[in-house]
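Chemist: Produce the complete structure using the sequences and hints provided.
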Amino acid sequence: MFLTILHFELKYWLKNWSFYIYLSVFFVMALLSMAGAAGAFGEGTASTDHIANSPLSIYNFTKFFNKFLLFLLPAIVGSTIYKDFKSNFNNILFTYPFSKTNYLFAKFLSSFIIVSIITIFVELGLFLGTKIPTANGAQLLPFDALPYLQTYFIFLIPNLLLFGTVVFVTVLISRNIYVGFISVILLWLLSEIVLRIAGIESLTSFLLEPFGNNATQSITRHWTLSEQNTLPLVLQPIVYYNRLVWLFASIIIFTIGYRWFSFSQNLLH
Amino acid sequence: MTLRINKLSKTYPNGVKALDNLTLEIQKGMFGLLGPNGAGKSSLMRTLATLQNPDEGTIYFEDIDVLNNPMTLRKTLGYLPQDFGVYPKMSAMDLLDYLATLKGITSRKDRNNLIQQVLEITNLYGVRKQFVDNYSGGMKQRFGIAQLLLNNPKLIIVDEPTAGLDPAERNRFLNVLREIASSNIIIFSTHIVDDIKDLCNDMAIMNGGKILKKSKPSEATKEIENKIWIHNCSREKLEEMEQLHIVLSSKYNEDNSINIRVYANEQPAEYFIKATANLEDVYFIALKNHHQA
Ligand SMILES: Nc1ncnc2c1ncn2[C@@H]1O[C@H](COP(=O)(O)OP(=O)(O)OP(=O)(O)O)[C@@H](O)[C@H]1O
Ligand SMILES: [Mg+2]
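In order, the protein sequences belong to chains A and B.
Take 16 as the starting number for the first sequence in my numbering and just add one per residue.
Take 234 as the starting number for the second sequence in my numbering and just add one per residue.
Read the hints as simulated data drawn from the structure, not as lab findings.
You may find that some hints are simply not true.
Only pairs whose alpha carbons sit at most 30 angstroms apart, straight line, appear in this in silico DSSO-like list of lysine-lysine [said to hold, decoys possible]:
id : chain 1 : residue 1 : chain 2 : residue 2
1  : B       : K521      : B       : K507
2  : B       : K308      : A       : K101
3  : B       : K250      : A       : K115
4  : A       : K122      : B       : K308
5  : B       : K308      : B       : K443
6  : B       : K373      : A       : K101
7  : B       : K470      : B       : K443
8  : B       : K322      : A       : K98
9  : B       : K342      : A       : K122
10 : A       : K146      : A       : K78
11 : B       : K308      : B       : K362
12 : A       : K26       : B       : K362
13 : B       : K507      : A       : K98
14 : B       : K387      : A       : K115
15 : B       : K322      : A       : K101
16 : A       : K26       : B       : K322
17 : A       : K115      : B       : K240
18 : B       : K322      : A       : K30
19 : A       : K146      : A       : K115
Example chain A residues on the side facing chain B (calculated, C-beta under 10 angstroms, incomplete) [stated by the list, open to error]:
id : residue
20 : M16
21 : H22
22 : N81
23 : K82
24 : F83
25 : S102
26 : N103
27 : I107
28 : T110
29 : Y111
30 : P112
31 : F127
32 : F278
33 : S279
We put the beta carbon where it would ideally sit given N, CA and C, even for glycine.
Modeler: Below is the structure:
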């Protein structure tokens, strides 16, 4: 049953034009950003003393796109669960012989796989942006896969997982897609508040800022330009602790939604 | 094959008591659940279909403890809700294929055979490639039957399926139900007395979350044989008649006079004429008794 639902939902997205639009938009935006930074559109578009594909630069690009990716979550993760309520198909589906575990995990995983695929195209766009023939070779380092992998697996995916579970659970409980949008904004605001109150150089904000950026930048903030251009991303243990804190938070949030949800609950319309 | 509902109660969070210590036993065949709006029919059916839990009571289908083993019941349940939709832009065939897989039919060949079979039973074969969300009301209800048949259910629950259907579609729908009634229990809710008369071999009248009367339609009318009287009176007299007699129903004639049907053991007055008792009388008597109680 798990695989049946997973397969159905994946097929639904792969046959849906909006998936390809999201994917193309992110791919093209990433590609143009990198190409621009590498001087592919002429001198004026980039400061020539910055290396466009240095590990820190790749990190900064993905940090930027991460914020936009958040707004895919209601549209993809939220709507995957919401469409059952919106169409009123749940009145039939919830009497079918599949378990809540299979249902919720398949719904979440399928939509998260779709988000992860779109996210790959951000990295791919950044990479191919360095391959534009008109790019200035002096502003590019030779290809290195590590920063792409680090930004994808240590930052983008865990962050989308956190915000994805928040959207999933709020839509599951409220049966309202807009509450999903609002929850993204609220969590984002919360992270800003944490930074303001705790201060950017505090251990609290290293741990509790949900994107893991503050912990990372506590080191990179002090780099000189040549260090920014050449050094690999230095990820101190605190960055991994931050990721663990929020991974754990994601699991707790999902568990709350899981425990709360039941096929046989009072449907108050 | 028996469905045993015992002392079922349900009060919604807003304070409405939709099921009130309801006890009912249903045997194989077509069972009609008749009741006015708000009687609690859907509440009972959703509870039977494991979509909501009662506050109290038990439900047993054969030896399945429904409330404690909902999954076991679901495997043998077919449910058509009063109000449902489907995913947009999907054809009947594609939807049924998914739903059949969800009902546990893993072999593609079995699925295809089964889907063809249920499409033919429900007369949807010709429109199987159209989107279900573009179906007419009657077609959609028949699709609802097609999906519930996919697991060859032993317990079938259909909640007010004829509401909003035109007479031709209603007949087509009732014929589909007749065709699938064989070795199972079909519970059918409605507020249209004729649906029961045309279809059911057993029935219950429900209101206020209670069963007011349970009997076979033919026996129910037999009980009140010789106790139904009609009289044609003027509009002004209606109120007086209602005070004097148990007026079950009143219908206006073209000349603005009124035909009233009265329930009484003896002829109430010499101007009353004896009428043939019908199921509608049974229904109104049950509701009247309930309101007075
Ligand atoms: N989810 C709910 N929350 C609160 N009250 C409800 C809910 N569902 C039904 N009710 C109330 O419970 C009572 C019984 O409703 P129910 O839908 O079971 O009746 P019904 O016999 O199916 O009526 P109808 O013929 O209109 O479909 C009604 O008063 C209704 O307003
Ligand atoms: Mg109802």
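Chemist: All hints are to be evaluated individually against the structure, with a verdict given for each.
Modeler: Checked hints:
Of the pairs offered as hints, the one joining K521(B) and K507(B) holds, with about 20 angstroms between alpha carbons and a cut-off of 30 angstroms not exceeded. For the proposed pair K308(B) and K101(A), the alpha carbon gap of about 25 angstroms is at most 30 angstroms, so the pair holds. Restraint check: the Cα-Cα separation between K250(B) and K115(A) comes to about 28 angstroms, which is no more than 30 angstroms; the hinted pair holds. The straight-line distance between the Cα atoms of K122(A) and K308(B) is roughly 21 angstroms, inside the 30 angstroms bound, and the hint therefore holds.
In summary, the hint linking K308(B) to K443(B) is supported, as the alpha carbons are separated by about 28 angstroms, within the 30 angstroms threshold. Proximity of K373(B) to K101(A) is assessed by CA-CA distance (about 17 angstroms); at most 30 angstroms being required, the pair is judged to hold. Only pairs whose Cα atoms come within 30 angstroms are accepted, and K470(B) paired with K443(B) is rejected, the gap being roughly 34 angstroms. Taking the CA atoms of K322(B) and K98(A), the gap is about 13 angstroms. The hint holds against a cut of 30 angstroms.
The hinted pair formed by K342(B) and K122(A) meets the criterion: a straight-line CA distance of about 27 angstroms does not exceed 30 angstroms. Between K146(A) and K78(A) the alpha-carbon distance is near 21 angstroms, which keeps this suggested pair within the 30 angstroms criterion. With a CA separation close to 27 angstroms, the supplied pair K308(B) and K362(B) stays within the 30 angstroms bound. Taking the CA atoms of K26(A) and K362(B), the gap is about 18 angstroms. The hint holds against a cut of 30 angstroms.
For the given pair, K507(B) sits about 57 angstroms from K98(A) by alpha-carbon distance, which is inconsistent with the 30 angstroms threshold. Note on K387(B) and K115(A): the hinted pairing holds, with a Cα-Cα distance of about 23 angstroms set against a maximum of 30 angstroms. For the given pair, K322(B) sits about 14 angstroms from K101(A) by alpha-carbon distance, which is consistent with the 30 angstroms threshold. Note on K26(A) and K322(B): the hinted pairing holds, with a Cα-Cα distance of about 14 angstroms set against a maximum of 30 angstroms.
Taking the CA atoms of K115(A) and K240(B), the gap is near 28 angstroms; set against the 30 angstroms cutoff, the hint holds. Simply put, K322(B) and K30(A) have alpha-carbon atoms about 12 angstroms apart, close enough for the 30 angstroms limit, and the pair holds. A C-alpha spacing of about 47 angstroms is found between K146(A) and K115(A), which places the hinted pair above 30 angstroms, so the restraint is violated. Annotation: interface hint on M16(A) holds; nearest CB of chain B at approximately 7 angstroms, less than 10 angstroms.
A least Cβ separation of about 9 angstroms between H22(A) and chain B falls short of the 10 angstroms threshold, and the interface hint therefore holds. Among the interface hints, the one on N81(A) is violated; its C-beta lies about 31 angstroms from the nearest C-beta in chain B, farther than the 10 angstroms criterion. Using the Cβ-Cβ criterion of 10 angstroms, the hint placing K82(A) at the interface with chain B is not satisfied: the shortest such distance is roughly 31 angstroms. With its C-beta approaching chain B no nearer than about 27 angstroms, F83(A) sits outside the 10 angstroms limit, and its interface hint is violated.
Against a cut-off of 10 angstroms between C-beta atoms, the interface hint on S102(A) holds, since the closest Cβ of chain B lies about 4 angstroms away. The beta carbon of N103(A) is positioned within 10 angstroms of a beta carbon in chain B (closest approach about 4 angstroms), and the interface hint is therefore held. Interface restraint check: I107(A) against chain B, minimum CB-CB distance 5 angstroms, threshold 10 angstroms, status holds. Interface hint at T110(A): satisfied, since its Cβ lies 5 angstroms from the closest Cβ of chain B, which is below the 10 angstroms cut-off.
Checking Y111(A) against chain B: minimum C-beta separation of about 5 angstroms stays under 10 angstroms; hint holds. Because the closest C-beta pair between P112(A) and chain B is about 4 angstroms apart, less than 10 angstroms, the hint holds. At a threshold of 10 angstroms, the smallest CB-CB gap from F127(A) to chain B is about 20 angstroms, leaving the interface hint violated. Among the interface hints, the one on F278(A) holds; its C-beta lies about 7 angstroms from the nearest C-beta in chain B, closer than the 10 angstroms criterion.
Because the closest C-beta pair between S279(A) and chain B is about 5 angstroms apart, less than 10 angstroms, the hint holds.
Taken one by one, the earlier hints fail for this structure at numbers 7, 13, 19, 22, 23, 24, 31, listed in ascending order.
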